[in-house]
Amino acid sequence: MADTITVKLVTPHRLLFDDKATSVVGPGKNGEFGVLPGHDPWFLGLGMGLLVITSPNGDVKRYFLNGGFCQIDDDNVVILAEVCEPSSEIDVERALAAKKRAEERLKSAGKDETLDYVRAEMAMRRALHRLEINDNK
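Read left to right, the sequence shown gives residues 71 to 207 (this note's numbering).
Watch out, some of these pointers could steer you wrong.
As the list claims (entries may be wrong) - The calculated SDA-like cross-link candidates involving lysine to any residue, where the alpha carbons are at most 25 angstroms apart (straight line), are:
1. K177 with M118
2. K131 with H109
3. K90 with M118
4. K169 with N136
5. K131 with R84
6. K131 with V80
7. K99 with S178
8. K78 with R132
If you're looking for bench data, these hints aren't it; they were derived computationally from the structure.
My request is simple: use the sequences and hints to build the entire structure.
Shown next, in the form of structure tokens:
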């Protein structure tokens, strides 16, 4: 069994990671998932949250991830992300402004499950995840 996995992390706009790793942990649609060398083949939908890739030298890369798909096969992991930002690139001011806008929208939308309420709730979740994950604190 190999000691590493090959990981590719791709968005519609760029390649974020293409290297060896010892583990990948991230948000799946149905909960957190983890991949180590020797993992069985698997295909899953991705959710929103923290994606962590650990390199063989112990270096840890953190990303905000929102949607996409992950394929695991023969110690290769391909992550096709709809939205993915390295933690070092998260704009804190922008995330704080988005959080404030979402709070205002949630107050005006009421407590029901209207489309505006659901969108405001998702915007709030994105902002909170970005603030939690960012390295620019």
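Verification of the supplied hints:
A distance of roughly 23 angstroms separates the Cα atoms of K177 and M118; the hinted pair therefore holds under the 25 angstroms criterion. Distance check on the hinted pair: K131 and H109 sit about 20 angstroms apart at the alpha-carbon level, within 25 angstroms; holds. For the hint pairing K90 with M118, the CA-to-CA distance comes to about 24 angstroms; that is within 25 angstroms, so the pair holds. Only pairs whose Cα atoms come within 25 angstroms are accepted, and K169 paired with N136 is accepted, the gap being roughly 16 angstroms.
A C-alpha spacing of about 16 angstroms is found between K131 and R84, which places the hinted pair at or below 25 angstroms, so the restraint holds. For the suggested pair K131 and V80, the alpha carbons sit about 14 angstroms apart, so the restraint of at most 25 angstroms is met. A hinted pair counts as satisfied when its Cα atoms are at most 25 angstroms apart, and K99 with S178 does not qualify at roughly 29 angstroms. At most 25 angstroms may separate the alpha-carbon atoms for a hinted pair to count; K78 and R132 meet this at roughly 14 angstroms.
Hint 7 from the earlier list is the only one contradicted by this structure; the remaining hints agree with it.
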